[in-house]
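Chemist: Residues per chain are reported as follows:
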Amino acid sequence: MAKEFELNEVEVWDGNYAASQALRQAQIDVVAAYPITPSTPIVEGYGAYVANGYVDGEFVMVESEHGAMSGCVGAAAAGGRVATATSSQGFALMVEVLYQASGMRLPIVLTVANRALAAPLNVRGDHSDMYLGRDSGWVQLDAFDAQEAYDMTLCAFKIGEHLDVRLPVMVHQDGFTTSHKAQNVYPLKDAVAYKFIGDYVPVDDMLDFSRPVTHGAQTEEDWHYEHKAKQHKALMDSRKVIDDVFAEFKALTGREYKRVESYMMEDAEVALVLLGSSVETAVLAAKQLREEEGIKVGIVAPRCFRPFPFDLVRDALEVPTLKAVCCMDKSAPGGAMGALFNEVSAAAYSTKARPMMTNYIYGLGGRDFAVDEAKRIMREQKAHADAGHITTDIQQFSGLRGPKLGFFQTRRG
Amino acid sequence: MSTGVLGTDKRGIRELGAEEKVGWDEVTQGVVLNSFEGTVSDIPHKKAEERNYADFNSYTATVASWRIIKPVYNRDVCIDCQNCWVWCPDTSIVSRDKQMLGIDYDHCKGCGVCVEVCPTNPKSLLMFGENEENEAALAAWPEKKKKEK
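These protein sequences, in sequence, are chains C and R.
With our numbering applied, the first sequence covers 1 to 413.
With our numbering applied, the second sequence covers 1 to 149.
Simulated from the structure, these hints should not be mistaken for laboratory data.
A portion of the hints provided could be inaccurate.
SDA-like, lysine to any residue: derived pairs with alpha carbons at most 20 Å apart [stated by the list, open to error]:
{"id": "1", "chain 1": "R", "residue 1": "Lys109", "chain 2": "R", "residue 2": "Ser65"}
{"id": "2", "chain 1": "C", "residue 1": "Lys181", "chain 2": "C", "residue 2": "Asn52"}
{"id": "3", "chain 1": "C", "residue 1": "Lys228", "chain 2": "R", "residue 2": "Glu20"}
{"id": "4", "chain 1": "C", "residue 1": "Lys228", "chain 2": "R", "residue 2": "Gly17"}
Okay, the calculated bits of chain R under chain C, using three or more residues with CB under 8 Å as the criterion [unchecked claim]:
{"id": "5", "stretch": "69-80"}
{"id": "6", "stretch": "114-128"}
Quick reminder that beta carbons are idealized off the backbone N, C-alpha and C, glycines included.
Make a model of the complete structure from these sequences and hints.
Modeler: Structural data, given as structure tokens:
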């Protein structure tokens, strides 16, 4: 039996430590991991719990991230509660197996400290790895600070393992800005946290010898499509379970989460849509701009990146006063508009308000995104709103040195 | 499609791909395939024909359509050494109580390993074209080779 870890009502934890504590409290059967910056301390912390008797499960050191996720898939198919952690290049190496995990409907939890993808090699935080996972069939939750990294990791087990979902779940936090920033975190006692998550209920586990099963079958054109459709439906339908788990978590802790967080949107004329630790920056900037210049700015932050909250993004943007929305993508767009821009614009297109949509690429490789720059972008949205049309290029770059870079102009107005 | 060497069990009773094509709402979660119908016990001690294989177990399917050469088995020369049974990568040598019964043509891919490992003189298993009749093959079986001095 694992020892109880004594916790204070308030602890000073960074995002990595918060995630590793949540993993410990989940009483995981198998963690197979290969540490990588900036998520190394999650694995390191978990390893220390194992060594010091706070964990009963197995901790498997592997030769790569591909091996880590493969070990997780095997252990999950065998019937265990399973989790790991990674970032960036490690995430990229895992990608092949991420698709296996979701297709095989194995509720593995992957904690990710987001980091840029090489080249050029870079250890700082942006959302390239998170975006790389967006078609992998996983639920993707985004924690904006250390408390949320802890809370979302607990919720992740409960969401993924729900019998109506049975899908793997990623919990993202921003590399360094969240993963290495210590702040006050209110943890649950071990027993309370475990009770919230609940015992693992195995499904089609390979260790059930009374019902032998084959995992990982091959299907060609006569079966593959039906299986992918069923998987997609499970991911789309997980929205309700996510809402229910968040409601249960609020009842337990008083901390409220939604698939789409929105701030000051009730009377907003312009809005920023963004993810991660930048949300706090943007909310602060919006409050100041409302006070200082009377610009009615709102912020929309999808906490649930997958399944994409088309429903709640639309609800958040269905504001009669809303005229201009800027979607901010912290990932190199690779020859397209940013993914958040594309997806939020698609949702906004079927609203009555149908606001003007623009796109900023920002923060790549850990480039700072500060309050003044957020305000500048908000003022620019106000200029679009006043002019009645988009006054800049549709895609622009925030905090970039050199000649102004931008793409595409509006044909409205 | 054949009824198999044993004649009575579910081995190779359907063509691969002949299974009912159900819709997305009826496929198994996670592409999991059950090996047997219902729950089972003591499977390792049951012979294949005693096991209630599920429809999606390849045991019940004919999966050898791409074979172009086949092994033919000659009972008259065989010494029941079980070498072929041990080596066959597709469990297509059917043997009961250490007596060789024949080839499972629903699962044999024609790799020829059984012929390679057969120790008798002449061999008790030889490869023939897929379309040759087994009777004709047996009638033309080679004589015992004399040791060269």
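Chemist: In ascending order, which of the hints set out earlier in this document are inconsistent with the structure?
Modeler: 2, 5, 6
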